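J.: Spelled out from the first residue to the last, the chains are:
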Amino acid sequence: MFKNETQIFGLLASLLMFFAAAPASTSYKLESYGVGSGGASSSSTTYRATTITGEQGSSTSSTSATYTSRSGLITTQLANVPAAPTVTNPSSYYNKLHIVINNGGNPSDATFAIAISNNNFSPTTNYIKSDTTVTSTLNTTDWQTYSTWGGSSGFDVIGLAPNTTYTVKVKAEHGDFTESAYSATASAATANPSLTFDIDVSSTDSETSSPYTLNFGNLLPNTVTDGPQKIWIDFDTNATSGGTVFIASLNGGLRSTLASHTISSTTGDLSSLSEGFGAQNQSTAQTSGGPFVAQSPYTSASQNIGITDTSLRQFYLSSSPIVAGRGSLLLKARATTDTPSAADYQDSLTFIASASF
Amino acid sequence: MSGKTEQVAVEIRNRSKSLIAATLLIAATVLGTLSTAHAATLTSTYIRLDRMKAAQTTSFRLVFRTVSAGATSVAINFNGADATTWTASSGLVNATQTVSSVTCATETGFTGLPGSITASGSSATVTISAVTALSATTTYCVDLTSATAVTTATAGEYHPTITVGSDSTTTSVRTISNDQVVVSAVVPPSFNFVLDGNTTSFTANLDSTAVRSTTGRTITITTNAANGWVAWIKDLNQGLQSAVASKTIATTGTINATPNTLSAGTEGYVLDADLTTDAASGGTVSISAEYNGGANAGGTLSSSFQPFATSTGTAGGSGDVITLVGKAAIAGDTPAAGDYTDTWTIIGAGTF
Numbered sequence: 001m002f003k004n005e006t007q008i009f010g011l012l013a014s015l016l017m018f019f020a021a022a023p024a025s026t027s028y029k030l031e032s033y034g035v036g037s038g039g040a041s042s043s044s045t046t047y048r049a050t051t052i053t054g055e056q057g058s059s060t061s062s063t064s065a066t067y068t069s070r071s072g073l074i075t076t077q078l079a080n081v082p083a084a085p086t087v088t089n090p091s092s093y094y095n096k097l098h099i100v101i102n103n104g105g106n107p108s109d110a111t112f113a114i115a116i117s118n119n120n121f122s123p124t125t126n127y128i129k130s131d132t133t134v135t136s137t138l139n140t141t142d143w144q145t146y147s148t149w150g151g152s153s154g155f156d157v158i159g160l161a162p163n164t165t166y167t168v169k170v171k172a173e174h175g176d177f178t179e180s181a182y183s184a185t186a187s188a189a190t191a192n193p194s195l196t197f198d199i200d201v202s203s204t205d206s207e208t209s210s211p212y213t214l215n216f217g218n219l220l221p222n223t224v225t226d227g228p229q230k231i232w233i234d235f236d237t238n239a240t241s242g243g244t245v246f247i248a249s250l251n252g253g254l255r256s257t258l259a260s261h262t263i264s265s266t267t268g269d270l271s272s273l274s275e276g277f278g279a280q281n282q283s284t285a286q287t288s289g290g291p292f293v294a295q296s297p298y299t300s301a302s303q304n305i306g307i308t309d310t311s312l313r314q315f316y317l318s319s320s321p322i323v324a325g326r327g328s329l330l331l332k333a334r335a336t337t338d339t340p341s342a343a344d345y346q347d348s349l350t351f352i353a354s355a356s357f
Numbered sequence: 001m002s003g004k005t006e007q008v009a010v011e012i013r014n015r016s017k018s019l020i021a022a023t024l025l026i027a028a029t030v031l032g033t034l035s036t037a038h039a040a041t042l043t044s045t046y047i048r049l050d051r052m053k054a055a056q057t058t059s060f061r062l063v064f065r066t067v068s069a070g071a072t073s074v075a076i077n078f079n080g081a082d083a084t085t086w087t088a089s090s091g092l093v094n095a096t097q098t099v100s101s102v103t104c105a106t107e108t109g110f111t112g113l114p115g116s117i118t119a120s121g122s123s124a125t126v127t128i129s130a131v132t133a134l135s136a137t138t139t140y141c142v143d144l145t146s147a148t149a150v151t152t153a154t155a156g157e158y159h160p161t162i163t164v165g166s167d168s169t170t171t172s173v174r175t176i177s178n179d180q181v182v183v184s185a186v187v188p189p190s191f192n193f194v195l196d197g198n199t200t201s202f203t204a205n206l207d208s209t210a211v212r213s214t215t216g217r218t219i220t221i222t223t224n225a226a227n228g229w230v231a232w233i234k235d236l237n238q239g240l241q242s243a244v245a246s247k248t249i250a251t252t253g254t255i256n257a258t259p260n261t262l263s264a265g266t267e268g269y270v271l272d273a274d275l276t277t278d279a280a281s282g283g284t285v286s287i288s289a290e291y292n293g294g295a296n297a298g299g300t301l302s303s304s305f306q307p308f309a310t311s312t313g314t315a316g317g318s319g320d321v322i323t324l325v326g327k328a329a330i331a332g333d334t335p336a337a338g339d340y341t342d343t344w345t346i347i348g349a350g351t352f
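Here the protein sequences line up with chains A and B, keeping their order.
Quick note: the first sequence uses the numbering used here, first residue 1, plus one each step.
Quick note: the second sequence uses the numbering used here, first residue 1, plus one each step.
Please keep in mind that the hints were generated in silico from the structure rather than gathered at the bench.
In this text, all values refer to a predicted model and were calculated from it rather than measured experimentally.
Any given hint might turn out to be false.
Covered stretches of chain B, as calculated for chain A (at least 3 residues, CB under 8 angstroms) [claimed, not checked]:
1) 208 to 221
2) 335 to 342
Derived Cβ-Cβ restraints for the label pairs, each shown as a range [to be verified]:
3) A:Ser202 to B:Thr72: 28 to 38 angstroms
4) B:Asp196 to A:Ala285: 30 to 40 angstroms
5) B:Thr103 to A:Ser152: 24 to 34 angstroms
6) A:Thr132 to B:Thr103: 51 to 61 angstroms
7) B:Ser129 to A:Ser319: 31 to 41 angstroms
8) A:Ser147 to B:Thr72: 24 to 34 angstroms
9) B:Thr106 to A:Asn119: 42 to 52 angstroms
10) B:Asp196 to A:Thr299: 28 to 38 angstroms
11) A:Ser152 to B:Thr137: 29 to 39 angstroms
12) A:Ser272 to B:Ala245: 51 to 61 angstroms
13) A:Ala301 to B:Ala130: 46 to 56 angstroms
14) B:Thr209 to A:Ser272: 54 to 64 angstroms
15) B:Thr103 to A:Pro291: 41 to 51 angstroms
Part of the chain B face toward chain A, derived, beta carbon under 7 angstroms [stated by the list, open to error]:
16) Ser44
17) Ser168
18) Thr170
19) Thr312
20) Ile346
21) Ile347
The C-beta atom is built at its ideal place from N, Cα and C for all residues, glycine as well.
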């Protein structure tokens with residue numbers, strides 16, 4: 001196949017050229033290197049001296065959590081092995097984790113590749129791409145400097161599966177043929193997508209139990225009557241795009257079967273309307289995230305109300321994850337002199353929530 | 001060539017072969033990687049259960065944003081990857097499904113799921129078929145419109161999986177003990193009945209040549225009585241009585257649902273009721289036939305309460321207004337006196 005050694009060495013040289021150029025970075029350039037003749041090595045409990053064997057990456061090597069010593073000339077050029085990265089889930093993320101890598105004392109132009117696995121690398125090893133998504137193949141563009149990986153602030157790896165533990169390890173290189181071994185691993189778990197929602201009916205901010213009822217009592221003619229209690233909403237989600245609380249009405253107002261009349265819900269100012277029924281936001285709050293924001297037409301004050309009809313209408317909205325969102329709303333009603341008298345005026349307000357993951 | 005040199009050459013050949021093989025393997029791996037399609041994660045995805053109450057049948061809405069293009073089906077697996085699943089918690093997926101994307105597209109502004117879409121349920125999964133190939137990075141919506149599309153599971157959080165072609169994501173829905181507030185109110189009975197005055201008199205002295213009328217007295221009624229109201233009148237003297245002349249100009253006729261017409265020169269005395277205002281809203285006012293008189297006509301005044309007006313419903317705003325006018329005629333020999341008088345008692349009530 002090969003007529004002489006010159007041809008063989010020529011082929012090897014071509015292959016080496018194919019895979020790698022000479023080691024170089026912005027701060028140094030190794031002009032050339034050769035193959036040595038090999039030799040013996042020695043070690044003790046406190047050091048290990050591996051002599052030149054003339055080959056890259058022979059079986060003679062030593063590794064701990066903080067270093068790797070391999071045989072051969074290349075050993076002297078390897079990047080430092082980074083310490084284990086920091087992997088956390090600071091906000092109940094269901095599709096991402098926060099990673100801060102350790103540069104291991106490598107120069108600022110050293111680059112790092114990050115491996116990630118949902119089964120502790122047995123058998124799957126994936127990699128974090130430069131766009132912080134996960135891929136099965138490590139490309140040269142996915143080797144990034146410490147600062148590009150976010151430095152001490154780190155970055156979020158995205159596109160992860162919920163309710164899954166991920167293990168992460170990092171390796172470094174500082175020019176070709178200097179790739180270090182992997183660091184020790186670190187792990188964290190994604191949460192499940194979550195949505196918490198609850199209703200309370202109370203004059204003050206407190207938790208109440210179902211069934212939820214609210215009785216206006218008498219609606220005096222030409223008088224705006226406030227509901228004696230407020231309706232309180234609990235809303236909490238880790239959804240990336242937050243979520244929405246909706247309101248809908250069964251009757252589109254306070255309906256009396258006996259009087260065959262409905263005090264219709266409407267949007268407007270009850271102080272100038274002869275008759276009407278509707279809702280008005282009273283308060284919003286959250287522990288973090290959000291914010292929890294009331295939506296039009298429920299945001300006006302005084303005697304202004306928003307319609308509650310058979311359509312599901314947005315009442316509260318959070319456009320990002322929110323912790324302990326809490327809102328309260330007040331119902332208002334007004335009857336007029338000819339609003340038929342009856343004791344069975346009633347409506348059922350339905351509150352639902354969804355979160356956008 | 002020495003034996004040692006030959007050995008080196010063989011080793012180099014062997015290593016060369018290994019290197020070539022490794023090169024080919026790497027190339028194959030790279031090519032294989034390039035040709036492999038990886039499933040992506042849908043974003044901006046939600047399921048909105050239109051009722052969140054546990055054990056409640058409901059329709060629901062699905063919204064998702066694609067990553068890849070080309071999907072022609074959508075599957076919603078309510079069990080997802082939960083350990084305690086939807087169907088194991090009394091949740092159901094109806095086999096029969098109806099689906100539409102018109103309303104949701106209007107309401108959300110997202111793209112309605114295209115195609116002559118159909119849907120069916122099986123086990124924990126609703127599958128939407130016949131979807132026209134979806135575009136990449138587009139937010140779609142669709143409504144599973146049947147009021148019994150699913151039966152909600154026991155109160156808790158569940159994590160359905162949405163699969164769109166090769167892409168998928170896991171979302172969260174929650175069911176709660178009760179998602180409704182029952183609001184009630186009472187509109188108490190109200191009845192207002194106002195006389196604009198308590199005296200009236202004839203606009204001119206009674207004269208045998210004319211039928212004279214009193215200044216009208218109005219009754220204004222506002223009420224929220226759903227079934228309307230009734231107004232009655234009772235007369236004290238059944239006529240205009242003069243103590244000085246010991247004479248009564250007696251009321252004319254009988255209570256027979258027919259007004260009596262007075263004639264100048266003939267003694268007579270009646271009550272005429274006129275509808276002045278029928279409130280814009282509420283019931284319709286009617287004047288009793290007995291008292292629905294004309295220019296010189298009216299009904300007989302009685303010692304017992306006689307209804308002179310009714311309404312079929314409520315009276316709001318400025319109310320219903322009735323005007324009462326007394327009418328009288330005298331003969332040429334009717335004794336002169338300045339104290340002819342009578343007293344009407346007027347009452348009303350709402351029919352609640």
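J.: Look at each hint and say if it fits the structure.
T.: Going down the list of hints, with the structure as the test:
no. : hint                                     : in the structure
1   : 208 to 221                               : violated (count 0)
2   : 335 to 342                               : violated (count 0)
3   : A:Ser202 to B:Thr72: 28 to 38 angstroms  : 50 angstroms, violated
4   : B:Asp196 to A:Ala285: 30 to 40 angstroms : 56 angstroms, violated
5   : B:Thr103 to A:Ser152: 24 to 34 angstroms : 50 angstroms, violated
6   : A:Thr132 to B:Thr103: 51 to 61 angstroms : 37 angstroms, violated
7   : B:Ser129 to A:Ser319: 31 to 41 angstroms : 33 angstroms, holds
8   : A:Ser147 to B:Thr72: 24 to 34 angstroms  : 44 angstroms, violated
9   : B:Thr106 to A:Asn119: 42 to 52 angstroms : 45 angstroms, holds
10  : B:Asp196 to A:Thr299: 28 to 38 angstroms : 46 angstroms, violated
11  : A:Ser152 to B:Thr137: 29 to 39 angstroms : 33 angstroms, holds
12  : A:Ser272 to B:Ala245: 51 to 61 angstroms : 59 angstroms, holds
13  : A:Ala301 to B:Ala130: 46 to 56 angstroms : 50 angstroms, holds
14  : B:Thr209 to A:Ser272: 54 to 64 angstroms : 55 angstroms, holds
15  : B:Thr103 to A:Pro291: 41 to 51 angstroms : 29 angstroms, violated
16  : Ser44                                    : 5 angstroms, holds
17  : Ser168                                   : 10 angstroms, violated
18  : Thr170                                   : 5 angstroms, holds
19  : Thr312                                   : 12 angstroms, violated
20  : Ile346                                   : 21 angstroms, violated
21  : Ile347                                   : 19 angstroms, violated
Against the hints set out earlier in the document, violations occur for numbers 1, 2, 3, 4, 5, 6, 8, 10, 15, 17, 19, 20, 21.
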